[in-house]
Structure formats: C-alpha cells, structure tokens
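Colleague: Here is how the chains run, residue by residue.
4 protein chains.
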Amino acid sequence: MKNEIIPISLITTGGTIEKKYDESEGTLVNKESLVKNTILNILRLPYSEISLRSLLSKDSLQFTDKDRELLLSAIKEELGKNRRVLVLHGTDTMAISAKYCFDNLKNVPLPVVFTGAMKPIGFLDSDATQNVVEGLLAVKILSPGIYLSFHNKIFTVPNVVKNKSKGTFEEI
Amino acid sequence: MKNEIIPISLITTGGTIEKKYDESEGTLVNKESLVKNTILNILRLPYSEISLRSLLSKDSLQFTDKDRELLLSAIKEELGKNRRVLVLHGTDTMAISAKYCFDNLKNVPLPVVFTGAMKPIGFLDSDATQNVVEGLLAVKILSPGIYLSFHNKIFTVPNVVKNKSKGTFEEI
Amino acid sequence: MKNEIIPISLITTGGTIEKKYDESEGTLVNKESLVKNTILNILRLPYSEISLRSLLSKDSLQFTDKDRELLLSAIKEELGKNRRVLVLHGTDTMAISAKYCFDNLKNVPLPVVFTGAMKPIGFLDSDATQNVVEGLLAVKILSPGIYLSFHNKIFTVPNVVKNKSKGTFEEI
Amino acid sequence: MKNEIIPISLITTGGTIEKKYDESEGTLVNKESLVKNTILNILRLPYSEISLRSLLSKDSLQFTDKDRELLLSAIKEELGKNRRVLVLHGTDTMAISAKYCFDNLKNVPLPVVFTGAMKPIGFLDSDATQNVVEGLLAVKILSPGIYLSFHNKIFTVPNVVKNKSKGTFEEI
Chain A
18 MKNEIIPISL
28 ITTGGTIEKK
38 YDESEGTLVN
48 KESLVKNTIL
58 NILRLPYSEI
68 SLRSLLSKDS
78 LQFTDKDREL
88 LLSAIKEELG
98 KNRRVLVLHG
108 TDTMAISAKY
118 CFDNLKNVPL
128 PVVFTGAMKP
138 IGFLDSDATQ
148 NVVEGLLAVK
158 ILSPGIYLSF
168 HNKIFTVPNV
178 VKNKSKGTFE
188 EI
Chain B
18 MKNEIIPISL
28 ITTGGTIEKK
38 YDESEGTLVN
48 KESLVKNTIL
58 NILRLPYSEI
68 SLRSLLSKDS
78 LQFTDKDREL
88 LLSAIKEELG
98 KNRRVLVLHG
108 TDTMAISAKY
118 CFDNLKNVPL
128 PVVFTGAMKP
138 IGFLDSDATQ
148 NVVEGLLAVK
158 ILSPGIYLSF
168 HNKIFTVPNV
178 VKNKSKGTFE
188 EI
Chain C
18 MKNEIIPISL
28 ITTGGTIEKK
38 YDESEGTLVN
48 KESLVKNTIL
58 NILRLPYSEI
68 SLRSLLSKDS
78 LQFTDKDREL
88 LLSAIKEELG
98 KNRRVLVLHG
108 TDTMAISAKY
118 CFDNLKNVPL
128 PVVFTGAMKP
138 IGFLDSDATQ
148 NVVEGLLAVK
158 ILSPGIYLSF
168 HNKIFTVPNV
178 VKNKSKGTFE
188 EI
Chain D
18 MKNEIIPISL
28 ITTGGTIEKK
38 YDESEGTLVN
48 KESLVKNTIL
58 NILRLPYSEI
68 SLRSLLSKDS
78 LQFTDKDREL
88 LLSAIKEELG
98 KNRRVLVLHG
108 TDTMAISAKY
118 CFDNLKNVPL
128 PVVFTGAMKP
138 IGFLDSDATQ
148 NVVEGLLAVK
158 ILSPGIYLSF
168 HNKIFTVPNV
178 VKNKSKGTFE
188 EI
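Residue numbers (the numbering used here), protein chains in the order written: chain A, 18 to 189; chain B, 18 to 189; chain C, 18 to 189; chain D, 18 to 189.
The hints are simulated quantities; they were obtained by calculation from the structure and are not laboratory data.
Just so you know, not all the hints are guaranteed correct.
[Stated by the list, open to error] Covered by chain B, per the in silico footprint, the following chain C stretches (three or more residues, Cβ under 8 Å):
(1) 37-45
(2) 139-145
[Said to hold, decoys possible] Here are the simulated distance ranges between beta carbons:
(3) D:G184 x B:K181: 38 to 48 Å
(4) C:N180 x B:L57: 30 to 40 Å
(5) B:E188 x A:K48: 34 to 44 Å
(6) D:E49 x A:D82: 35 to 45 Å
(7) B:L89 x C:K75: 38 to 48 Å
(8) A:N121 x B:N124: 37 to 47 Å
(9) B:E49 x A:I59: 22 to 32 Å
(10) B:E40 x D:K48: 33 to 43 Å
(11) A:I59 x B:E188: 39 to 49 Å
(12) A:D82 x D:T81: 41 to 51 Å
(13) B:E66 x C:E188: 47 to 57 Å
(14) D:S68 x C:D120: 37 to 47 Å
(15) D:E49 x B:E188: 46 to 56 Å
[Claimed, not checked] Non-contacting residues of chain D with respect to chain A, defined by C-beta distances greater than 10 Å in every case (computed):
(16) K19
(17) E21
(18) S41
(19) N58
(20) L72
(21) L87
(22) L96
(23) I113
(24) N121
(25) L122
(26) N124
(27) P126
(28) L127
(29) K136
(30) P137
(31) I189
Where a beta carbon is used, it is the ideal one built from N, C-alpha and C, also for glycine.
Construct all of the structure, not just a fragment, from the sequences and the given hints.
Modeller: Right under this line is the structure:
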C-alpha cells in the first residue's frame, strides 16, 4: 500500500534516557516519561503513527523478574495489535531484558527494537535523540525479530552486550 | 566480522539542508558544507568511518546536467572504493538526481541513499539531524540499491516524488 | 518594597530577530511575534511581570514615519501605565527609531530600551536570547531614559549607530 | 572613552552551574570549568575582554573557610588589576560567600557580582546562560559594590538569601 501510515508502539521503562534533573535535590531521577515533549513532538513522522505506553519508570539496575514479565506481556499485547515495538530501556540491563524477550517470544511477527541512551534526554549533547530516531527507523525497515539499536548499529539479540568502558554496545 | 567499522562516504551538494545565514545580507546561501561541525561531530558513530566529500554547493533548482554527471561519477568512485554512499541534496530536484543515478548505475554493489532537509541545518527545529541520522542508518542496513530516505521513511528510487504542499516526499 | 514584581512591556515590531523560515518559499519573513514561545517561556523571571504587545511585524528598512509615530504612542501608553519598556526592533533603523523617540519623549519616567538581533531567533547560534536577556535586565536597573542595548553593551540614545561591517552597534 | 573594551574577570568555583554528567557513573560532578566552551564562546562580546580564572571546582556545600579566603584573595587580586569581577558559585552557600567578601572587602573600586544556576550548564533548559549573560551585563553597569545577580534580579549583598523551595534567591 502506497504511503501507508505504519503503527509503532513506543514502550518506556525509565533508564538513563528518561532521567530528569531534580533541582531541589540536585540529582537525576526516573519519574514520568519525557520522550514525547522532548523528542517525539520535534521529529517529523508523516508516515508513522506512534502510541506511547509508559510502562515503568526505573533505573534498569533495579529491574526485577516481575518487571521483565510485565515488559514481555506489554510487548506481546502491542504485537497482537499488529504494531511494531520500540522499547526505551536503561543500558545496564538492556541486553538482559532483550534476551529474556528473545527466549520467551517465539515467532515474532514484526520487529521489536530496544534502545536507550548513555546520557539523559535533557542534556544538549545527549545521545537520546540519535538513538530514538535510529530506533524508529529500525523498527520500520528491519525484518521481524528482536534487536538492539544503538549508536548507528543494529545488534541481533541475544548476541549483544554493553561495553561499559566504551560507553556503547558490542556484538558477542 | 564482529563489530566491524563500516566505511560510508557522505557526498554533499548544497541544498536547503546546508544553507547558511549571511548576517550582512540577511539571506540564506549555500557556501561551504556545514554538516561536519553541526551534526557529524555530535553523533556517536563508533562503528562507522565517515569520509566527507564536498562536491557541490548549490540550490538544487540550479542543478545542471553537468552537475548530475559529476555527482554520478563521484558516487561511482566511492562505490568503487567499497564505500556505502549518503548524498545530501536539495529537495526540489532530489528525486530527479536520484532517478538519473538509478538510470545510469547498473548493478549497484552497496546502498546509495539520498537525503536533505526542508529547513536548514542551523535552525533549532531543523529536520536535518533527523534526516542525516536516518540516512546513516539506512545506508548501513538496506540491501544494495538506490534510495531516498526522508522523515522516517525509505523510498525506492525512482518511485518517489516531492510533495511540496506537505513538505515531504511520497511514493508514486 | 522587597521582592517586588516589576512590570515590563515588551513591544515587538518585527525585524531580523523575529524573522521566521517559510519552508515552502525557502525565505525568512516577518509574520507573527516569536519571542514568547522561543525565549520568554524559557527564561526564569520570578520578579518580572512581562506583557507582550505585538505592534508591527516588518523589516525595519520598511519602517515609515507612521510606523514610528505608532511606536512612539505605544511606548507613551505603556509608560503611562507605569511599565518599563523593552522594544524589539530591526537593527537597520533601530538607532533612527530610538532617536525619534528620544526627540519626542520628554521627561521619560522609566527606562525604555531598544534591542534586536543580527541573526533570527530560530537559529541555534542566534544572538536573540542574549540580547533579550540583557534588555530585560537593562530595563530593570538603568535610570530613566532611552537606551539601546546590544551585545553586552548599553548605548545612550542618540549617541549610537549600527556598524554594519562589524555586525553590531557603536557609540558616536 | 568611546567604544571602550571593558576588562572582566570571571572566577569559577564549581557549583551546580558547572556540574558535568559522568556517563560511567551516571552522576553529576564538578571537574573542570565548562563555561568557556558552552557559554562564553557563543556570546557576542565585542566590548568586553573576559579572562577566565578557574579557582575551585566544588559543590558549594563543601566550601571551607579556607576556600572563602582563597576566593576573597582572588577577587582582591583581580580588582587590583582594575578588572570587574563575576564569580560563578554554587547556590547553596553563595549568599554566605558573598557576605564574607562584603565583610572583608572595604571600598570596593568596581562591581563584584556573584551568580550561578539551579540547573547545570549542560541541560537544554538550564538557567546558566541567562544568569551568566545577566551577570556579565550587571558587572558592567552597576556602581561599585558587591552584588548577587540571579533570574533577572540584582540583589545587594548582604541582604539576600536563597529560597530553596522557590528555586531562586530573595531579598531579606
């Protein structure tokens, strides 16, 4: 179908990408999702219909098995509505959550892409916009499957791990 | 090969995306290429090796047949060096130049992607960064061929045309 | 009075500072006032009460005697309400309009400050925010009179002229 | 003297304004001074000659008496060179350090202005640029004395205190 509008579900879970500066405490914390006002509203997406689902709001080091079950069931639900899925997730356990979904999602009918950021969305030199833009394109053009998209590279899950010293991900 | 660095040639030709404000004249003009300092230096591209080739610096409405020949031969040269190619081009005749390359480039061995912007790179709400980020990912993950990438959508050349009233491209 | 909220009227007249990019034409034009959404809403002004008055929307080279009369009468009106006045104006004839007000406003009871920008508000490296921030402070701390504030310098009207080659103003 | 270049010394001491995000730790820390590359290089200051003096790099809650002595002696030194002084300082004890200077600096020959920010310099919606721009103008146009400049208001030291709940300063 020509010039079709593609439905994409953007599931947010917190993580560095959505940490916000608390001026009274002087610290960065996960509260509400920030991606809509800071990135989505600025991008030009005439051929995409994005629905935002704020699922969790935590540092990914605090993720429990229950959180991963919740994420898996949300992804299944969105896929069941025939929507591609982009997941925003903290980088520290992103590869673990992605592998958990890979192990428990058989015959994925559409692309599911995980991304996040090394620097929160509110910084001038954050990598959040780059990663979200890449994730939104990846989810459109990759074949069905589970991926991690980061810093201009697509990784196939589960063959990916965070490289903490380089501040990015790498293939294993 | 794991964690391979992919070579990409970024050919610039001018166009709205690289127009710069001339303070003494109060007008927007194509002079030198701007993409390096404004976009490339800010992106995180640990798995890409980008070489910038400033080929032309004109509004695409001024493009002549000679300019298109020059562009075609530059693309051929970069492909011959085993590099993927991203072309920055004015939107008004981007589809025409892309079609010209499509007609004259048989058996393209790697992806060649055209992109540009509706609003020059120097504006806070320019679509240049989005389009360049998308183009740099498209050139990495698409199969060999000639494409136009714009506003989170990949178009197959020559089935694409600018929609001036909507300020974007569309499939035909 | 401690921690008093100071009333300031911001009169906009167009000029480079408020030129907006028209994507279909590819040109910069004066239409509606832009300063509220781009600058005022971002600044922290707990001790100021700013009212915006969009008076004109033209390149200052197009200013007529009628326009200057209109501006003068708006300034008088705001001063009559006991409000300090900041005027946004094109740089090309700013010194002329400021001198016109100087010649026709005797016994100014509060500061009246003119400012503008060399580069429109929408550019990442515009001087608009700097000049507006400086103007809003100047209007608060200068003694009554008519001034031109630009690039971290306060000029006393009418001893000021634009230096076109340097892209700023200078004392004469 | 017409169009004179005014010498200003910018003394940095750390504080929220110059906290930087450490990507490997996920925290905000005071390291080197950031104001030059992020603010000074962007402003247009044709009539100012700014010299940057990075004195300390700490959260102002960690300031000791020794630090305040050091700051006082640096201010004296800069004033002795006939330079106006702008001090960047953490907000939590800025009023205390300013009062310390007020108590120990008699017959100040030029303006000394303290400022800082509620949100670090690297955030898109930081108040750092506003406060630095205001401070640089305040130091030029105020009469000799010690001031705190913040959020478009000039406070006379020592009649000023931080209002933590409002995220700004207030007169006492």
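Colleague: Looking at the structure, which of the earlier hints fail to hold?
Modeller: 11, 18, 29 and 30
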